[in-house]
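Residue numbers (our numbering), protein chains in the order written: chain A, 1110 to 1284; chain B, 20 to 546.
Don't take every hint at face value.
As the list claims (entries may be wrong) - Distance condition first, Cα-Cα at most 20 Å in a straight line; then the derived SDA-like pairs of lysine to any residue:
1. A/K1144 - B/V332
2. A/K1145 - B/V331
3. A/K1145 - B/P330
4. A/K1144 - B/R131
5. A/K1144 - B/H266
6. A/K1144 - B/P543
7. A/K1124 - B/R131
8. A/K1145 - B/R131
9. A/K1123 - B/R131
10. A/K1145 - B/H266
11. A/K1144 - B/G328
As the list claims (entries may be wrong) - If we take Cβ atoms under 8 Å as the criterion, some of the chain A residues that face chain B in the derived model are:
12. T1117
13. N1118
14. V1121
15. L1125
16. M1132
17. G1136
18. V1140
19. F1259
20. F1279
None of these hints come from the bench; they were simulated from the model.
All C-beta atoms, glycine included, are put in the ideal place defined by N, C-alpha and C.
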Amino acid sequence: MKQDVTKTNIDVLKKLLIFSVFMFGFGYALVPLYKKFCEVTGIYELERPDSLARNTEIDSTRVIDLLLDANIRGLSWKFRPLQNSVQIHPGKLTEVMYEISNESDNLEVGQAIPSYTPKNLERYLKKIECFCFTKQELQGKEVKQLSVRFLIDPEVPADIHAATISYTFFKVKTD
Amino acid sequence: MAVIQDVHGHDHGHDHPTGIMRWLTTTNHKDIGTMYLCFSLAMLFVGGFLAMGIRAELFMPGIQILEPEVFNSFTTLHGLIMVFGAVMPAWVGFANWQIPLMIGAPDMAFARLNNWSFWLLPVAALLLITSFFVPGGAAAGGWTFYPPLSTQGGMGTDMMLFAVHILGMSSIMGSINIITTILNMRAPGMTLMKMPMFVWTWLITAYLLVLVMPVLAGAVTMVLTDRNFGTSFFNAAGGGDPVMFQHIFWFFGHPEVYIMILPAFGVISEIIPTFSRKPLFGYSSMVYATASIALLSCFVWAHHMFTAGMPVVGQLFFQYATMLIAVPTGVKVFNWTATMWRGAMTFEVPMLFSIGFIFLFVIGGFSGVVCAIVPIDIQVQDTYYVIAHFHYVLVSGALFALFAGAYYWLPKWTGHMYDETLGKWHFWLSMIFFNVAFFVQHFLGLAGMPRRIPDYALQFADFNMISSIGAFGFGLTQLLFAYIVIKCVKGGEKAADKTWEGATTLEWTHLPSPAPYHSFEHPPVVK
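Please model the entire structure based on the sequences and the hints provided.
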């Protein structure tokens, strides 16, 4: 009798162990399963909107008047755009230049933070290259020219005729 | 009914080693049950200490006691220790003590495996606690350890993940043991539908554990390999998806909350009939309700993720599936109430905690239905409303049921009565301070106070102070519980074999108090 109980116990143990190992594998299988499920049912866009192919044809019927603004906070620098404004067609890749110069004799580090008006412009402004992506270092009396390359998405609302891009350089503490 | 003294095994009772070796090498289900219960009580106090730290920091606006990083570690480890270290081992402890006694088996099916399942726990606990002292501190990304925070933290996070692995392994082994014991070792005549409700709820809980614990082990392994071996399951830069982790985690995590509450339903279903002196109303509907709760719990995981990005179809499915769980849960609550109806009720401490459980668990259940509604959930996601909800179901749910069960069975375990007066003090102080601590958190949540943040806006100050005072009171009250238990173990009025007049299960009708070291070596016959 006792022997039988032990044997049937071991049988249950084996089944449950195999089941546990199977469920461990199932945990891993969930990764492709979820993806497949979403693909088949189409209930979730696995591709983010940013990576989808879009119409980026230049819309030469529209012109947007873009004002450039530059400010400094806590640095002894001068910072100005080399042109005060540009007129651009939506979809056209544009480059604008800025100039920073260190008025002091010491090394200083700054970081530019952008700000846009109208405030929903950010969704349509695609920057390919910008000095605001990294910190900027200027030795004493050094002068540097910086560029921003960007385009404005042709889907920008039709009531936007003028916009402002403003950069402010903030001092970055260095150790 | 005459009590049949089971003394056959008594002679062997003294051939086990003594001192520390008795506990290290024991394969006796009662010894192991005791160790589980002591361990979980100790962890309750560790987790409780962390909770006191959290509430002390939130006593006033501003940062006074804990730096934000340490605060985050406190909330993270509080959750992990309470879930994996306190509540789950406590239920396994109850299962170890009670299942063989209630089904008339001599011991658990795999006694050595049982020993091993327990001794893994202190190792994991040590990993969790010492992780506070390693460089970088303990894990701080929340108890749900979502990537990218959990793939970024320092060594403390690795220790936490490893500890969760060990705790999961222990749970799986424990539940395999429990399933085998229940399926194969019931006394002759005890059919499945004659089993006590506590045994039924544990059988279903154990199946849930072997179903979802390995999935958690998979998720933990993926996070570990993402951290240490360059895989990219959840790393977006390598083509992985962090939201995927949430799906896998909650596939485990939602059944997990039922793993913590189903044995509580079982204990309450034993105590209410005993102290109402009536059989449980609707026994078979209770069994089916438990099974349907367990089944439904596997299809509602994404209600934890309504704001993580999901199509409306998905949100609606998970909303309705979640609300459906209220139906079998309602069946249970009505059955308990119907059991009490016109019963000859008395209000000893186990009964008080059980009625307190029903009252407060229903409040937690209702706020759960509120959270299930997608538009409301989007508002209250990650606020104190959610904190209030899950403390109502886990503290006044699982923990109150643990207290009820402890008071109910302490006379059988120790052979002594606990101090009834102190027990009543414990209940009323817990009841009052619990509500002071957590009821106001509903208001904080509705007003928008986010969880897991060490500071808050000034308008939340009053309710936070009230909540902290309640929490301190609740924490201190639990020291009283520890005192009552120690006092009861050391001595007290001799408990009768059938301590409670209305009790009907085997441990009361067939065994003396305290239960002998070896019981039911010759199985009783159940008619």
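Here's how the hints hold up against the structure:
Of the pairs offered as hints, the one joining A/K1144 and B/V332 holds, with about 16 Å between alpha carbons and a cut-off of 20 Å not exceeded. A hinted pair counts as satisfied when its Cα atoms are at most 20 Å apart, and A/K1145 with B/V331 qualifies at roughly 19 Å. For the given pair, A/K1145 sits about 16 Å from B/P330 by alpha-carbon distance, which is consistent with the 20 Å threshold. At most 20 Å may separate the alpha-carbon atoms for a hinted pair to count; A/K1144 and B/R131 exceed this at roughly 42 Å.
Only pairs whose Cα atoms come within 20 Å are accepted, and A/K1144 paired with B/H266 is accepted, the gap being roughly 11 Å. For the proposed pair A/K1144 and B/P543, the alpha carbon gap of about 54 Å is over 20 Å, so the pair is violated. Proximity of A/K1124 to B/R131 is assessed by CA-CA distance (about 19 Å); at most 20 Å being required, the pair is judged to hold. With a CA separation close to 43 Å, the supplied pair A/K1145 and B/R131 exceeds the 20 Å bound.
The straight-line distance between the Cα atoms of A/K1123 and B/R131 is roughly 16 Å, inside the 20 Å bound, and the hint therefore holds. With a C-alpha separation of about 14 Å, the suggested pair A/K1145 and B/H266 falls inside the 20 Å cut-off, and the hint holds. Simply put, A/K1144 and B/G328 have alpha-carbon atoms about 14 Å apart, close enough for the 20 Å limit, and the pair holds. Because the smallest distance between the Cβ of A/T1117 and any Cβ of chain B comes to about 5 Å, under 8 Å, the interface hint for this residue holds.
At a threshold of 8 Å, the smallest CB-CB gap from A/N1118 to chain B is about 5 Å, leaving the interface hint in force. Contact between A/V1121 and chain B, as hinted, is supported at the beta carbon level, the nearest pair being about 4 Å apart and thus within 8 Å. A least Cβ separation of about 4 Å between A/L1125 and chain B falls short of the 8 Å threshold, and the interface hint therefore holds. Evaluation of the A/M1132 hint against chain B yields a held restraint, the C-beta minimum of about 4 Å falling below 8 Å.
Interface hint at A/G1136: satisfied, since its Cβ lies 2 Å from the closest Cβ of chain B, which is below the 8 Å cut-off. Using the Cβ-Cβ criterion of 8 Å, the hint placing A/V1140 at the interface with chain B is satisfied: the shortest such distance is roughly 6 Å. This hint is violated: A/F1259 has a C-beta 24 Å from the nearest C-beta of chain B, more than the 8 Å allowed. Because the beta carbon of A/F1279 sits about 23 Å from the nearest beta carbon in chain B, more than 8 Å, this interface hint is broken.
Hints 4, 6, 8, 19 and 20, counting from the list given before, are not met by this structure.
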